[in-house]
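**Student:** Listed here are the chains, written in short residue letters.
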Amino acid sequence: MNTIPTFASMDPEAGLKKALGLSRPDIIAEISASGLKGRGGAGFPTAVKWNFAASAKADRKYIICNADEGEPGTFKDRVILQDHADLVFEGMTIAAKAVGAKEGILFLRGEYTYLRPHLEAVLAKRREKKLLGKDVLGANLEFDIRIFMGAGAYICGEETALIECLEGFRGEPRNRPPFPVNTGFLDRPSVVNNVETLAWAACILQQGADWFKSKGTEKSTGIKIFSISGDCKCPGVYEFPMGITVAELLSKVGGENARAVQIGGASGQCIPASEFSRSIAFEDIPTGGSVIVFGPHRDMLDVLHNFLEFFVDESCGQCTPCRLGNRKLLEGVEMLKAGTCSMAYLRELCALGESMQLSSKCGLGQSSPCAFLSVVKNFRDELMGRTTSLTHA
Amino acid sequence: MTLTIDGQEVKVPLGTTILDAARKIGAHIPTLCHHPDLCVAGVCRVCSVEVEGMRTLQAACAFPVSAPIKVKTHTEKVRLARRHIVDLLLSDHYGECYACRRNNNCELQSLAKEHGVDFFRFGHPEKPAHAIDTSSYSVVRDLNKCVLCRRCVRTCIDLQEVGTIEVVGRSDHSHIKPFLDKPLGGVVCINCGQCINRCPTGALHAQDHTDEVWAAIDDPKKHVVIQTAPSPRAAIGESFGLPAGTPLTFELNTALRRAGFDRVFDTNFTADLTILEEGTELLLRLKKALLLREPAAFPQFTSCSPGWVKYLEHFYPEYIPNLSTAKSPQQMFGAVLKTYYAEKHGIDPKDIVTVALMPCSAKKFECNRPEMADSGFKDVDYGLTTRELAKMIRESGINLPDMPKSDFDNPFGTATGSGVIFGATGGVMEAALRTVIELVCGIKVEDLFEHANIKPVRGFEGVRYVELPITAVGPVPDVLKHLFPHWNFLKGATLKVAVAHGTANAKKVMEDIKKGGQFSKCHFIEFMGCPGGCIGGGGQPIPTSPEIRAARAAAIYAEDAAYEIRKSHENPDVALIYKEFLTDGPCGHQSHELLHTHYTPRGKYID
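Taken in sequence, the protein lines are chains Y and H. Under the numbering used here, the residues of the first sequence are numbered 69 to 461, in order. Under the numbering used here, the residues of the second sequence are numbered 299 to 905, in order.
Derived by calculation from the structure, the hints in this document are not laboratory data. Built from N, CA and C at the ideal position, the CB exists for glycine as well. Hints may contain errors.
[Claimed, not checked] DSSO-like cross-link-like pairs, simulated, lysine-lysine; straight-line CA separation at most 27 Å:
no., chain 1, residue 1, chain 2, residue 2
1, Y, 445, H, 425
2, H, 902, H, 480
3, H, 480, H, 813
4, Y, 405, H, 425
5, H, 689, H, 753
6, H, 375, H, 586
[Unchecked claim] For the chain Y half of the interface with chain H, some residues (derived, Cβ under 10 Å), not all of them:
no., residue
7, 123
8, 127
9, 128
10, 301
11, 302
12, 308
13, 312
14, 313
15, 385
16, 428
17, 429
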């Protein structure tokens, strides 16, 4: 099943029409009241981001939709773009009105090139209907959206690397501060929001903050779209309220006998069965929506090996901890598999993982050791049996 | 803005980085990718510090202070993270310190010491992963020692705006490479060596010719002569632990003789000769334009910086006619040594080995240009950098600062202050103006500028522009009488000159000229390839910084002020060579054969 019921039930013009009748602060107030947090995974309050960009003074501002969905095990943005692109573009237009931007850019993952003709057609239709253009619905709003193709680098999902890429440079994260809301694309204030975040913003304007808040938890309001894959009977795209426990989620997708789930993609956490009562929410286990289920037959070292190979490939190579640290973690997993890793060295690698989390330049290196650290922590007994007593030479 | 660093309050302007704020109060934060000449990168993460309330550590070099934050520079987390970073860098750094040119002058080595590295926690490469690129005459690249701080990339792209090298590839496959991973010798590189000066490790160094020079010294049949340029003399003390700006010109003369050189000459002699040749060339162009009303290529560009010359050949080949045809002082000296000097002293030029001590890596390329053989031999056999010579002196067991002073050898023993100042940006222009003003206006430079210090062309501003109205002209001096009947064509003219240093500034001027702007109206422009001029050359001691370059420049101007003769045209040895050897005068037939050259339009196309 592909279509997302809540999104499918929306009138794809109502949110925008309502926003056009509101003042900028009122739009931001509505989003703020809803408690919407970034759906890409970081969970930054959307209204705060919009407000920063709205209050920044500049000749031009930009709304950028981050559709560089590259996190392993994540595919919900693809479905949203395929079936509910109007909502996403509507969210961008509402954001434009809220912050005072005239130009929107959809940064589309290189692997999603096949979606481009469809998206261009949706944009063309919106222009025809005056939902985009010099004067959106006669409401004195100028805004249009163009599509920029990514080239297949995971790191370009990081918002400052995405902006570097948009500017024609090598996709590498910038130093922060300054933040994109002040100094973003072409050094202008830029809002970078995930596909899903923008779709929800459109829904919130249409249905109201209270409707959104009625689902989810106090700190993690609303519904979340999940990409569920791995060892379960019904993998696919789901919508669940924020705060759902891992166990509940697994029972809905036929993954009850899982030994562990990876939540938040390769850079997320690996949750063992003993912790399935925990809930998926920003206050407990945060996620961008990726849930990978591992059945009883899975070797967690294989899982780790796969993730670390991914990070070793995808690190931009800019900062030392990420460029070389991921390689060391990967080598450590290989040593564990070969039975040549000592306990002392494993401890050293865990300390290294923590240093990487602290000192890497961007979210990639800060989160890439998470899987390693959580597997070591949660599957300690299993790993202990595979270390050697020899000190690491 | 007041912030707290390790409990100490410090007041800084908004936007100051944590690193700069810490330095203000003497709190040490280690760095690696940071360099005072370069834009912030924040890639090595060695300068990580804890900022209260922030989940992750912050790079002190890249974090602008905009709130009254509390910073801790050496907490447990910080120390461990830094130690891990150094350990990781060492795990990817092939080689042993004792077998490295940068032993005792390496920032990675210092960091390892500072962070108590006593074993290779994450291993150490046993084999080199990259072949060493020795294809360039000037710069050698050894990626096995590269720590990817990207200082070379920022130097080449941002500081020099040449863009020879860039980061290629992702993750631990990312490396610094020239275009299409071609050998450095085959791509658009101007050999300025500024990347070497900013490399924290031994990944970049200049080609080393000390073994060849030693072999020549050890060969009793060879007559090995060395010329020393002013900039290395103002900097070589740094290699012997002295502060920047300690000139060791005359100590060096003694050290070079003790090391085994047969004669020690002063490049200032040919600097003075260059002024006569290049100045005459300028006057000839002016005569052509103003008296004969014929087209002449203006502005005339200086040609003594080989980095700049190659930059122009690559990026602005259509302006080759503007380049002075006068060779650089190094090359003039080579040509004169293997002809005039050889003849005068009855030495077979094939037995003369000419060595040049230069602040420059591009000089190595320059002396290997095929056209630089007008003496019938390779005019200059070896260009040594300041660093190479310091090594030779150390190898000789000589402590340079302890040497007694001694003079240069004859017949080029007299130098002028004009030759000395060639080393600093604006120096060639000042030297040229001192001579042109006196030869043309018949007045003393001192009448216009106090102590003949032409201050408007001095300093470190990227581009300087000066106008000099010629209100009166004097008689044509004897040495130029065959070329100019009178100076009347210059009367009432305004000489417009400019100075630019570093190729990024050169680019600004060239683009302005292309657009027909202010600089296109100039008559004469001094260009130096390196920031600061020769004192900041790619062969100078490492490290470099604006302060170090300023100290070296101050030494040079102090030396100039101390000379009895401060104008090139008053150098009696120069007068003698025109009397005895280059008898048809400046820009005459003989000088054209020996002292002038031609250039190669290279463009940006590579094989």
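**Student:** For residue 445 of chain Y and residue 425 of chain H, compute the direct alpha-carbon distance and say whether it is at most 27 Å.
**Tutor:** Distance of about 35 Å is beyond 27 Å: violated.
**Student:** Can the hint on residue 301 of chain Y be confirmed by a CB-to-CB distance to chain H that is less than 10 Å?
**Tutor:** Not OK, violated: residue 301 of chain Y not within 10 Å of chain H, min 36 Å.
**Student:** Does the CB of residue 308 of chain Y sit less than 10 Å away from some CB of chain H?
**Tutor:** violated (27 Å)
**Student:** Under the criterion of a CB-CB separation shorter than 10 Å, is residue 127 of chain Y in contact with chain H as hinted?
**Tutor:** With a closest approach of 21 Å, the residue 127 of chain Y hint is violated.
**Student:** With a cut-off of 10 Å, does the beta carbon of residue 302 of chain Y approach a beta carbon of chain H closely enough for the hint to hold?
**Tutor:** Given a least distance of 35 Å, the restraint on residue 302 of chain Y is violated.
**Student:** Going straight from one Cα to the other, do residue 902 of chain H and residue 480 of chain H come out at no more than 27 Å?
**Tutor:** Since the Cα atoms of residue 902 of chain H and residue 480 of chain H sit roughly 14 Å apart, the hinted pair holds (cutoff 27 Å).
**Student:** Against chain H, run the beta carbon of residue 123 of chain Y and see if the smallest gap drops under 10 Å.
**Tutor:** For residue 123 of chain Y, the interface hint is violated, since the closest Cβ of chain H sits about 15 Å away, which is over 10 Å.
**Student:** Any CB of chain H closer than 10 Å to the CB of residue 128 of chain Y?
**Tutor:** violated (23 Å)
**Student:** Close enough to count: is the Cβ of residue 428 of chain Y nearer than 10 Å to one in chain H?
**Tutor:** holds (7 Å)
**Student:** CA of residue 480 of chain H to CA of residue 813 of chain H, is that 27 Å or under?
**Tutor:** It is violated: about 33 Å lies between the C-alpha atoms, which goes past 27 Å.
**Student:** So, as I understand it, the hint says residue 385 of chain Y touches chain H; can you test that by seeing if any CB pair is closer than 10 Å?
**Tutor:** holds (3 Å)
**Student:** Going straight from one Cα to the other, do residue 375 of chain H and residue 586 of chain H come out at no more than 27 Å?
**Tutor:** Violated, at roughly 72 Å.
Checked against the numbered hints above, the structure breaks hints 1, 3, 5, 6, 7, 8, 9, 10, 11, 12, 13, 14 and satisfies the rest.
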